[in-house]
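J.: Taken in sequence, the protein lines are chains A and R. Following our numbering, the numbering of the first sequence begins with 1 at its first residue and continues without gaps. Following our numbering, the numbering of the second sequence begins with 1 at its first residue and continues without gaps.
Hints in this document: simulated from the structure, not taken from any laboratory. Note that beta-carbon positions come from the ideal geometry of N, C-alpha and C, so glycine has one too. Keep in mind that the hints are not guaranteed to be accurate.
[Unchecked claim] So, partial list: chain A residues that the calculated Cβ filter (under 10 Å) puts toward chain R: (1) M75; (2) E96; (3) H102; (4) E165; (5) A168.
[Stated by the list, open to error] List time: in silico BS3-like cross-link candidates among lysine-lysine, alpha-carbon distance up to 27 Å: (6) R:K200 x A:K67; (7) R:K284 x A:K159; (8) A:K306 x R:K200; (9) A:K405 x A:K387.
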Amino acid sequence: MKLEIKGITKRFGSLVANDSISLTVNAGEIVSLLGENGAGKSTLMNVLYGLYQAEAGEILIDDQPVKFKGPGDAMAAGIGMVHQHFMLIPVFTVAENVALGHEPTKFAGAMDLDKARARVREISDQFGFNVDPDALVRDLPVGVQQRVEIIKALSRNAKTLVLDEPTAVLTPQETDELMAIMRELAKSGTSIIFITHKLREVQAVADRIVVIRLGKVVGEAKPTDTASELASMMVGREVDLTVKRSKKQSGDVVLSLENISVLDDRGQLAVAGLSLEVRAGEVLAIAGVQGNGQTELAEAIVGLRKLERGSGSIKYRGLSIEGESVRGRLERFLSYVPEDRKKDGLVSEFSLEENLLLNQSFEDDRGAPFVKRGLIDSAVLKAETDKAIESFDVRTQSSKTTAGKLSGGNQQKMVLAREMTRPHEVLLVAQPTRGVDVGSIEFIHEQIMLERDEQQTAVLLISTELDEVLSLADRIAVMYRGRVVGVVSADTSRETLGKMMAGIAA
Amino acid sequence: MATEVKPGMFSSQTAKPSKKAGLVMGGFTLITLFAFGFGGNPAAVTFQLAEKGHLLSVPDFTVSSSGFSLLVGGLMGIITLIATWLTIKQKVVPLWLSLIFGLLGVTALLGWLAAGNVVPVSFILSSAVVLAVPIILGALGGVMSERVGVVNIAIEGQLLTGAFVASVVGSVTDNLWLGVLAAAIASAILSMSLASLAIKYLVDQIIIGVLINLLVIGVTNFLYSQWLANDGANVNYPGTFDILAIPVLSEIPIIGTALFANRVTVYLAFVLVPLVWYMLFRTKLGLRARAVGEHPLAADTVGINVARTRFWWVTAGGAIAGIGGAALSIGNVGAFGREMSGGLGFIALAVVILGRWQPFYVSASALLFGFAIIMRIWANQVSPGIPTDFITMVPYVVTLIAVTGFAGKVRPPAASGQPYTKG
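Take these sequences, add in the hints, and give me the full structure.
T.: Right under this line is the structure:
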């Protein structure tokens with residue numbers, strides 16, 4: 001199947017997400033759609049999949065124009081999509097998920113589950129996916145869930161498969177397996193559109209690379225082009241992908257976790273007897289695939305989540321702080337950048353000033369005196385916010401703009417501004433660059449290194465991006481199923497780290 | 001390949017079952033043993049197991065009230081121990097065990113209340129079933145609605161609408177079947193307003209539910225006092241369906257009358273419960289409905305129309321709740337009375353949760369409440385010493401205890417109450 005996208009334009013209000021984008025994919029070809037977060041890749045794919053309606057442009061399949069009113073039409077035309085956030089129903093079995101929407105039936109609308117199972121087995125065997133049709137999806141590891149998504153698309157005879165940021169949730173080994181699957185699929189004649197912002201993966205698997213920036217196609221590249229060539233095409237200027245760092249001696253242990261255990265929301269052990277030490281003036285990175293207890297660990301350190309009864313303790317300079325409230329911890333030593341800035345880092349409806357005030361509204365704070373006798377001192381607040389906006393390069397109209405109106409990168413810089421300007425000795429940053437543009441990533445990385453070098457802060461960085469971990473960390477602790485598999489130095493090879501992320505100790 | 005990840009993801013420890021079941025059970029066991037048993041009345045109590053004149057005659061069962069309570073209390077103690085043991089073993093106490101426990105508790109209460117008296121077991125059971133039917137059907141409507149992700153707290157209003165329309169249409173046309181049909185249609189139309197406001201206009205589902213309840217109460221009260229009360233003989237005198245006793249089966253001791261000698265509205269419930277279960281869990285429509293209630297975006301991406309699915313399930317659920325209302329007026333009382341649903345719709349709401357959104361469990365829980373209601377009526381007659389108000393509280397206390405104590409941490413459909421909008 002030959003798929004052509006011609007001059008697609010899609011607007012959201014005044015924002016042009018796709019500006020006359022054209023793209024051709026031939027049968028059995030792997031085309032990589034490379035672009036930064038917010039460049040318009042996902043929008044384009046949602047148009048292709050019928051979830052959005054484009055204002056202009058057309059889609060041609062084998063030279064015939066087609067119109068998709070909804071995902072049903074796109075699927076009928078042979079387009080399958082594996083979304084970044086899986087579209088699987090956790091409480092359904094694999095077979096039910098695959099059959100959903102085109103269920104085989106027996107009589108009077110009764111489902112023929114045997115037929116659904118057989119279909120899953122057939123596809124699973126053909127490509128060696130090794131998926132049990134009767135397993136509940138919620139019990140499967142993400143890598144397998146992703147295969148279920150692929151089976152789902154193939155079971156509807158998809159001839160073109162769209163993979164939207166498929167590697168974000170995978171270990172390096174699982175990523176390699178996925179690439180092998182992609183090549184296998186392409187060999188069998190399926191075309192693949194592979195959406196990503198990770199250069200290494202593009203170079204490894206793509207036949208052609210189409211680069212998108214700010215909603216426009218800026219050109220095509222070959223997989224043989226170097227990473228920095230691809231990066232500058234993607235960002236639109238020269239990019240320095242390396243972080244400048246100095247060798248230095250780290251100081252005393254500031255924060256230590258001793259054998260702590262934490263439950264997740266479902267009451268299951270998410271952190272299981274974890275111990276770590278963070279020293280002043282070092283960056284300790286916690287690497288690992290998403291969902292291995294990092295979120296719960298961060299929340300336990302901040303005090304948002306209780307430690308399991310009888311499990312160890314959290315110590316600040318040797319003193320136990322489990323009894324301390326969140327406010328107490330923040331005032332004594334801690335700054336916290338949560339992994340989900342929209343949910344936990346900012347109040348989107350609040351202005352930047354109000355967001356800056358969020359955790360500094362107490363009169364006995366050591367920081368800036370924003371509040372006097374219960375009243376907000378708006379002059380001081382405005383001055384401080386302007387200062388933060390200035391020094392953290394937050395692109396905004398004014399300090400009164402609501403946080404929700406800023407781009408991801410600017411929101412994140414605002415959170416960093418608030419947390420880094422408060423007095424603190426420990427900086428806990430979770431996923432600081434998720435969904436952030438390359439320019440902001442560079443800036444954020446610089447700021448984190450400044451914390452380490454000039455403030456002598458003990459930085460605990462939680463990140464699922466291996467590149468980020470490798471460029472920032474002094475030491476790397478790999479987390480797997482709530483435990484630390486091992487703490488290694490920053491010059492450890494990717495391969496070893498990948499194995500550790502799958503639970504195999506180095 | 002990555003290793004298999006199992007439910008108790010990071011360790012052998014799985015979800016922690018609630019410890020409450022054992023505690024609540026223990027409390028009830030102690031009450032039974034001490035208040036009803038040791039401190040109870042030793043007078044004889046007679047359990048009448050079969051009705052006179054039936055094929056199989058079972059002799060009445062007479063015991064000392066306090067002795068009986070001790071015996072039942074002992075059994076309850078055993079179940080408590082089993083439940084506690086399960087909790088210690090990190091296992092979930094099965095619902096059927098809780099239900100047996102509840103049944104035992106109720107029998108002990110019966111024996112205590114009727115000291116020196118006769119307990120007409122068959123009568124109590126069949127009344128419990130009749131009284132439970134509106135709750136069962138109301139809750140079934142609630143299940144259908146919540147399974148597709150729309151919270152329906154308007155069950156009370158749906159029941160009341162059904163009861164009113166059934167009575168009026170039944171009287172005017174002199175055809176009770178038309179009454180049932182009209183009740184279903186009227187309640188379905190009411191639900192359409194809930195559905196479209198919630199789905200299309202994204203109004204908060206709780207607020208719409210509350211408003212519908214208040215609106216229906218207001219409108220029916222107004223019509224009742226202005227119209228039905230003055231012209232009752234013509235518009236509010238439908239009578240009830242005849243009791244259809246199935247030969248032989250209805251003469252089985254204890255349960256015969258309760259199950260096989262009923263009005264057609266009760267049989268309708270007996271058919272609808274398995275039917276809805278079958279629809280939800282065995283057909284493609286049900287799979288789609290549950291998908292919409294769990295993860296609407298995922299359903300949308302495989303071409304299922306989320307809004308339409310929600311709309312029709314909520315509407316169909318409303319129709320069933322409307323039949324529940326009909327069961328109240330023309331299936332039992334024989335006329336419409338002011339606010340005659342009297343909170344049954346809210347009990348149905350609790351029953352939906354207690355029954356974990358499963359039609360059969362929901363029905364079993366509803367029966368427990370039917371039981372509580374008939375207990376109240378009957379206890380009032382045999383033990384006039386107990387204050388009426390106290391006995392009136394019983395169903396609600398049972399609701400509270402049941403929801404907090406036994407339901408534990410149950411998981412509603414993931415998208416329940418969440419509107420779905422496309423980008």
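J.: Decide, hint by hint, whether the structure agrees.
T.: We went through each hint and held it up to the structure:
no.: 1; hint: M75; verdict: holds (6 Å)
no.: 2; hint: E96; verdict: holds (6 Å)
no.: 3; hint: H102; verdict: holds (8 Å)
no.: 4; hint: E165; verdict: violated (16 Å)
no.: 5; hint: A168; verdict: violated (15 Å)
no.: 6; hint: R:K200 x A:K67; verdict: holds (25 Å)
no.: 7; hint: R:K284 x A:K159; verdict: holds (26 Å)
no.: 8; hint: A:K306 x R:K200; verdict: violated (41 Å)
no.: 9; hint: A:K405 x A:K387; verdict: holds (20 Å)
The structure shown violates the earlier hints numbered 4, 5 and 8.
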